[in-house]
Amino acid sequence: MANGESEVGADAPAGGFVQLLTPEGERVDSVTTADGTTYSVDFTDDEYKGLYHDLVTVRRLDGEALALQRQGELGLWASLLGQEAAQVGSGRALRPQDMAFPTYREHGVLYTRGIDPIMPFGLFRGVDQGGWDANEHKFNGYTVVIGAQTLHATGYAMGVTMDGKTGGPDGEAVIAYFGDGATSQGEVNESFVWSGVFNAPIVFFCQNNQYAISEPLERQTRIPLYRRAAGFGFPGVRIDGNDVLASYAVTRSALDRARQGEGPTLIEAYTYRMGAHTSSDDPTRYRIASEVESWKAKDPISRLRAFLTKQQIADDAFFAEVDEAAKTLALDLRERVLAMPDPAPVTMFDHVYPNGSPDLDEQRRQFADYQASFEGSEH
Amino acid sequence: MANGESEVGADAPAGGFVQLLTPEGERVDSVTTADGTTYSVDFTDDEYKGLYHDLVTVRRLDGEALALQRQGELGLWASLLGQEAAQVGSGRALRPQDMAFPTYREHGVLYTRGIDPIMPFGLFRGVDQGGWDANEHKFNGYTVVIGAQTLHATGYAMGVTMDGKTGGPDGEAVIAYFGDGATSQGEVNESFVWSGVFNAPIVFFCQNNQYAISEPLERQTRIPLYRRAAGFGFPGVRIDGNDVLASYAVTRSALDRARQGEGPTLIEAYTYRMGAHTSSDDPTRYRIASEVESWKAKDPISRLRAFLTKQQIADDAFFAEVDEAAKTLALDLRERVLAMPDPAPVTMFDHVYPNGSPDLDEQRRQFADYQASFEGSEH
Amino acid sequence: MSDNITLGKALNHGLRRSLENDAKVVVMGEDVGKLGGVFRITDGLQKDFGEQRVIDTPLAEAGIVGTAVGLAIRGFRPVCEIQFDGFVFPAYNQIVTQVAKMSYRSMGKVKLPIVIRIPYGGGIGAVEHHSESPEAYFSHTPGLKVVTCSNPADAYTMIQQAIASDDPIVFFEPKRRYWEKGDVDLGADPAGAFPLHQARVARPGTDATLIAYGPMVRTALDAAAAAAEDGRNLEVIDLRSLSPIDYGTVYESVKRTSRAIVVHEAQGTLGLGAEIAARVSEHCFYSLEAPVLRVTGYDIPYPAARVEEEYLPDLDRVLDAVDRSFGW
Amino acid sequence: MSDNITLGKALNHGLRRSLENDAKVVVMGEDVGKLGGVFRITDGLQKDFGEQRVIDTPLAEAGIVGTAVGLAIRGFRPVCEIQFDGFVFPAYNQIVTQVAKMSYRSMGKVKLPIVIRIPYGGGIGAVEHHSESPEAYFSHTPGLKVVTCSNPADAYTMIQQAIASDDPIVFFEPKRRYWEKGDVDLGADPAGAFPLHQARVARPGTDATLIAYGPMVRTALDAAAAAAEDGRNLEVIDLRSLSPIDYGTVYESVKRTSRAIVVHEAQGTLGLGAEIAARVSEHCFYSLEAPVLRVTGYDIPYPAARVEEEYLPDLDRVLDAVDRSFGW
Ligand SMILES: Cc1ncc(C[n+]2csc(CCOP(=O)(O)OP(=O)(O)O)c2C)c(N)n1
Ligand SMILES: Cc1ncc(C[n+]2csc(CCOP(=O)(O)OP(=O)(O)O)c2C)c(N)n1
Ligand SMILES: [Mg+2]
Ligand SMILES: [Mg+2]
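Protein chains in written order, with UniProt numbering: chain A, 1 to 379; chain B, 1 to 379; chain C, 1 to 328; chain D, 1 to 328.
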């Protein structure tokens with residue numbers, strides 16, 4: 001195992017990144033970045049295997065969702081294919097008391113929080129718009145408006161400080177997920193301003209998957225994204241987003257800084273969206289096959305498998321077992337998705353206001369009467 | 001004359017700044033910043049005297065405006081007191097073909113463009129909302145919504161490139177003015193994104209006067225503002241905003257970079273708002289007299305006067321002459337402001353749409369009829 | 001125990017009481033701390049409740065509302081100040097796509113008890129963006145409630161009720177009435193007070209109904225007083241709640257008087273008067289002796305200060321509309 | 001020389017012609033270049049006109065509209081695409097405080113010939129923010145003009161007329177009608193075509209007037225066809241221009257038919273129907289046999305896809321309103 005250097009690396013993009021596991025499955029002992037921080041992991045064999053299990057599982061579930069979408073059972077799906085390491089690594093780095101603010105693609109993070117993977121399917125099936133309790137799961141609703149959640153995360157993190165919940169190892173920290181495209185939104189930059197000014201206990205986790213739908217990274221920035229943070233007065237670090245170990249190590253370190261009261265960090269997870277933007281997208285219109293091909297060699301799962309194999313931590317039986325378990329979970333998921341009932345139309349009037357509204361109650365009543373007028377007819 | 005170093009300096013705030021004329025009136029020959037750029041000026045005696053003339057004139061006109069406001073002749077006035085050097089220096093650095101996008105405080109820049117100083121008085125008197133032609137004066141309308149003009153400037157600058165008007169010494173450049181408070185607005189940060197991505201020929205000129213109304217700088221950032229630029233991939237430089245020579249030299253250099261096609265620059269002019277935010281404000285509620293006092297020693301005019309005196313470039317007769325000319329101009333301005341007629345009420349229906357609107361024409365007609373119904377009555 | 005205080009001061013007292021009664025209440029906005037707000041509505045609050053309860057924020061309205069969303073998820077009850085009506089638009093995305101929709105999106109599992117205070121309206125001789133009446137933008141948005149006060153007593157109770165409500169509420173403050181005085185019972189319990197979303201008959205009458213809110217209630221009352229001299233007995237309704245509107249009170253009145261005139265400062269097209277006229281025309285179809293008339297700002301950007309008096313509905317324009325209604 | 005093409009393709013042709021005819025026209029937005037837009041409305045344009053005329057932008061709507069303002073000051077005629085209705089709000093500040101006000105502020109000396117294209121409306125089974133009808137927010141804003149097309153022929157001419165106009169125009173595209181076909185004369189001169197801000201009688205009738213626009217024109221026409229079978233002869237007006245509205249055409253019709261029903265997808269409260277009902281109630285006061293009725297979305301956030309069919313006005317709901325009008 002070699003000692004890494006963050007600013008170099010064969011596959012590294014300009015500026016380098018933190019990598020603890022090479023695409024070939026070689027462990028890098030530790031990496032020290034320019035600011036002197038050293039990143040490493042110290043996992044037991046079981047922990048390594050657990051990460052592998054997570055990566056395979058979230059990919060398998062994602063594949064099932066894509067299949068469900070193609071079969072008309074979901075209106076839309078935003079696939080995480082290729083981004084498993086970024087999500088599983090950072091998600092596993094969260095402590096139970098930490099709060100996550102996802103976009104619409106963080107199914108892998110959701111899984112690592114121990115949440116039933118079916119939770120976001122109501123949204124994609126079109127039977128609801130999420131409908132979960134952010135606080136119960138320490139996992140905010142999926143946010144579709146690009147970047148909006150970064151301010152929510154910042155406010156929540158300010159609240160952590162106001163509640164006196166930073167300053168020790170039991171402190172709380174917040175993580176905000178967003179994409180490369182989101183970095184252009186004014187609101188995201190405002191969240192950098194606020195986090196800096198209020199020294200909020202937050203980690204900004206940017207999955208730079210190289211595209212915002214069809215727009216390549218150079219439409220959002222002319223320098224590496226992690227460097228944005230310095231302009232706002234907090235550290236930025238780029239990681240190999242396809243390396244689950246780097247994702248874990250750097251996120252854990254940044255979260256711990258935050259919970260200690262040392263303020264925000266921006267992590268740029270350099271990765272690649274292997275599939276379409278969503279099931280509605282046709283990426284062949286804007287990117288060439290060879291580019292996708294070249295990223296296959298950096299696959300997050302195969303490198304961990306190679307490592308586990310080489311280190312004799314796991315064998316084919318284990319891999320087969322993981323695949324099987326994932327398949328079972330996926331089939332169970334499929335069944336439960338198919339069983340999701342359509343909502344009664346009248347429920348669309350629910351929850352507009354916590355305290356209700358007499359005006360809306362009247363509309364609901366009229367709607368119900370109107371619906372009832374068709375009863376018995378073929379409508 | 002000494003050789004300066006941008007990162008040090010007795011009076012310099014953390015991070016230092018470019019200063020070519022000390023508060024005591026000593027010339028600093030040239031200053032080289034960390035990125036290797038050297039700034040200096042090479043003015044004739046007449047040019048120095050011209051700058052002095054400008055500084056005194058814009059201060060005198062500003063004082064007249066404040067007096068007019070106190071006498072009830074203006075609804076509001078946003079004073080530039082203390083910021084004359086930032087404005088005159090940067091304004092004089094513009095070439096005729098360059099385009100400026102001001103806030104509501106750039107009366108000094110306006111003056112350096114050769115525009116009749118009465119131009120913005122309609123706005124502050126309340127007889128119109130500006131009403132001038134941005135292109136005729138190469139000076140956009142005063143923009144009240146904080147930061148909105150930075151995107152306009154960026155778009156205009158993109159248009160300069162699209163028109164093929166960069167790349168040589170005759171190229172066009174754009175300057176966008178804004179304050180320290182504005183740097184927190186999402187739109188301002190978006191203008192940094194866009195300028196970087198499109199390599200727009202623009203100079204962002206931030207007058208950091210330490211306050212956004214009552215909010216001190218630390219409510220907007222935890223690091224010096226000029227460093228924001230690096231996060232977006234273009235240079236940022238801090239200048240002594242009370243030094244007209246530094247303001248000129250650095251702005252001229254940045255504009256020339258822009259017109260050559262080398263992209264954006266952020267200049268942070270470190271200065272101080274000596275007066276109230278506007279005539280509606282009471283700064284004694286949020287800042288102490290000693291702070292204001294300490295900035296008096298850094299006055300932009302007295303240091304240039306000291307320099308001119310020491311160098312025997314100008315004598316008391318010259319200074320008296322400049323004062324006298326400024327006074328004459330101010331009195332002329334006063335008279336013309338007092339003579340500004342109130343608009344006919346029906347004109348409020350004008351110019352809503354370039355092509356008009358039949359619906360609005362009808363409202364105008366009804367309004368005119370209604371007005372006419374009072375004719376002869378005491379209304 | 002009734003004090004004669006200005007509307008601005010009544011708001012200040014109301015905010016103070018909410019801060020006292022609930023440790024989760026925080027006040028945030030530009031210049032709300034040391035300065036006490038450009039209108040001094042938050043005067044003295046930071047001094048007494050500290051910088052964590054009364055927060056001077058960066059100059060970023062999206063940030064103010066967006067972080068308030070996060071604070072609310074965390075269990076706080078943020079009261080955001082937008083400095084002027086015309087500066088709410090940078091926060092518009094957060095208000096319309098997040099604040100308004102979070103309860104719906106989460107099936108009621110995430111509540112955002114946020115109050116967004118906005119001084120609004122003209123008549124103060126200000127420059128552009130400082131005199132607007134953007135209430136219709138918010139009343140058109142499902143998921144938001146919208147209220148406005150017209151007098152010190154309501155200001156005092158309504159701000160407390162709004163803060164205590166679990167609904168996200170846009171609270172419009174009639175800035176040109178900040179300095180008008182009225183009696184306020186500072187000891188009263190807002191919980192038992194007149195309900196927040198109910199309209200109030202500000203002056204009972206029989207001959208026609210003037211429907212107004214916020215700054216125009218005073219104007220409508222003045223018009224009613226003037227009309228009384230001409231022998232016309234006008235009823236004045238102070239809507240108070242702009243979303244939802246208490247149509248029960250409105251219909252009852254118009255069915256009695258047979259004539260309705262809506263008054264507001266906002267531009268006429270798609271202003272609140274449009275919805276009120278549409279509903280009254282439908283629900284009081286057989287009672288109306290004349291169409292519902294509207295006295296509003298014109299469909300132009302708020303004009304320069306020197307002509308604003310001609311832009312704003314005033315006593316004469318209201319009386320003119322009353323005449324037109326009777327002349328129909 | 002008439003082609004049978006979809007509404008989406010008609011817009012594409014119209015944009016192409018504008019790009020051809022005026023070198024100052026630029027198209028800008030997220031994914032408008034290589035991808036040709038998520039709805040392919042700009043398909044092929046970047047290939048033919050280059051990256052400087054058809055600009056793939058950063059993901060920032062305020063930036064899209066804000067830089068368009070600067071480009072317009074410089075003499076360009078930007079056509080901005082907002083990817084979906086629900087994503088216009090980050091640009092709202094630029095649209096309402098800058099685009100709408102620049103002409104007024106500068107006394108007509110600065111014109112902003114900007115077109116902001118927004119695919120709008122529901123019925124496509126999408127997730128949140130992709131099915132909204134925010135037109136009232138813009139129609140309520142003085143200084144903006146607002147138009148929408150309902151068929152391929154109008155799409156083709158109206159987009160060209162909008163781009164050629166010196167007014168800032170919000171151009172709403174009925175996204176669920178993108179795939180509906182109609183005959184379009186691609187050779188016609190848009191300058192001589194039916195005026196942009198004029199309403200069109202889409203189907204003449206005598207018994208009641210259906211007033212619709214954009215995606216609901218088809219629905220209204222279908223309802224009229226169904227009603228005809230029951231012996232009711234309904235007139236259908238396609239408003240086309242939502243600011244200003246061509247009330248002349250509306251009043252003339254309603255005075256003839258004595259009944260009016262407004263149909264739109266947007267939530268009812270303060271939707272366009274409110275203003276139309278208010279105005280028609282006033283101007284056709286003595287002609288109306290029944291109040292103006294409205295068939296609209298409910299006052300809720302756009303609901304989940306699986307219930308959107310119940311949310312959206314459809315043929316049955318329109319006919320139900322027609323029945324109610326006749327039963328009044
Ligand atoms: C404010 C806003 N504008 C536009 C969209 C449409 N949209 C959805 S995803 C997307 C691209 C997002 O790119 P990125 O932030 O890189 O995230 P990724 O999808 O690549 O994970 C766009 C433009 C949106 N959802 N919100
Ligand atoms: C969007 C917006 N929010 C709030 C205001 C009210 N306001 C006017 S000036 C100002 C402070 C501006 O501070 P800064 O940018 O530092 O400029 P300065 O006035 O100090 O020159 C504020 C908050 C505004 N004009 N626009
Ligand atoms: Mg991306
Ligand atoms: Mg300032």
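A couple of the hints might just be wrong.
Unchecked claim - Simulated crosslink set (PhoX-like; lysine-lysine; CA at most 25 angstroms straight-line):
hint, chain 1, residue 1, chain 2, residue 2
1, B, K310, B, K138
2, C, K255, A, K165
3, A, K327, A, K298
4, B, K165, D, K47
5, C, K255, C, K181
6, A, K138, C, K181
7, C, K111, B, K296
8, A, K298, A, K138
9, B, K49, B, K296
10, C, K34, C, K24
11, D, K47, B, K138
12, D, K181, D, K255
13, C, K24, C, K47
14, A, K296, A, K310
15, B, K165, B, K138
16, B, K138, D, K111
17, D, K34, B, K138
18, A, K165, C, K24
19, B, K310, B, K298
20, A, K165, C, K47
21, D, K181, B, K165
22, C, K34, C, K109
23, A, K138, C, K24
24, A, K310, A, K49
25, D, K47, D, K111
26, A, K165, A, K138
27, B, K138, B, K298
28, C, K109, A, K165
29, B, K165, D, K111
30, B, K296, B, K310
31, A, K310, A, K138
32, D, K34, A, K296
33, A, K310, A, K298
34, D, K109, B, K165
35, D, K34, D, K24
36, C, K34, A, K138
37, D, K24, D, K47
38, B, K298, B, K49
No lab work stands behind these hints, which were simulated from the structure alone.
Given the hint that K111/C pairs with K296/B, test it: the Cα-Cα distance must not exceed 25 angstroms. Given pair K111/C, K296/B is violated - Cα atoms ~51 angstroms apart, limit 25 angstroms.
Against the 25 angstroms threshold, does the CA-CA distance of K47/D and K138/B hold or violate the hint? Given pair K47/D, K138/B is violated - Cα atoms ~34 angstroms apart, limit 25 angstroms.
K138/A paired with K181/C [C-alpha distance capped at 25 angstroms]: Violated, at about 48 angstroms.
So if I understand the rule, the pair passes when the alpha-carbon distance is 25 angstroms or less; does K138/B with K111/D pass? Status holds; Cα separation ~15 angstroms.
Given hint K296/B paired with K49/B - CA-CA distance at most 25 angstroms: 22 angstroms, holds
Could you grab the alpha-carbon distance between K255/C and K181/C and see if it respects the 25 angstroms cut-off? 33 angstroms, violated
Tell me if the straight-line CA distance from K296/A to K310/A falls inside 25 angstroms. Status holds; Cα separation ~20 angstroms.
Do the alpha carbons of K34/C and K109/C lie within 25 angstroms of each other, as the hint requires? 36 angstroms, violated
Taking only the CA atoms, is the gap from K255/C to K165/A under or equal to 25 angstroms? With a Cα-Cα distance of about 58 angstroms, the restraint between K255/C and K165/A is violated, given a limit of 25 angstroms.
When you check the alpha-carbon spacing of K327/A and K298/A, does it fall within 25 angstroms? Status holds; Cα separation ~24 angstroms.
Is it true that the CA of K24/D sits at most 25 angstroms from the CA of K47/D? 17 angstroms, holds
K296/B paired with K310/B [C-alpha distance capped at 25 angstroms]: 20 angstroms, holds
Comparing the model with each numbered hint stated earlier shows that hints 1, 2, 5, 6, 7, 8, 11, 12, 17, 21, 22, 25, 27, 31 and 36 do not hold.
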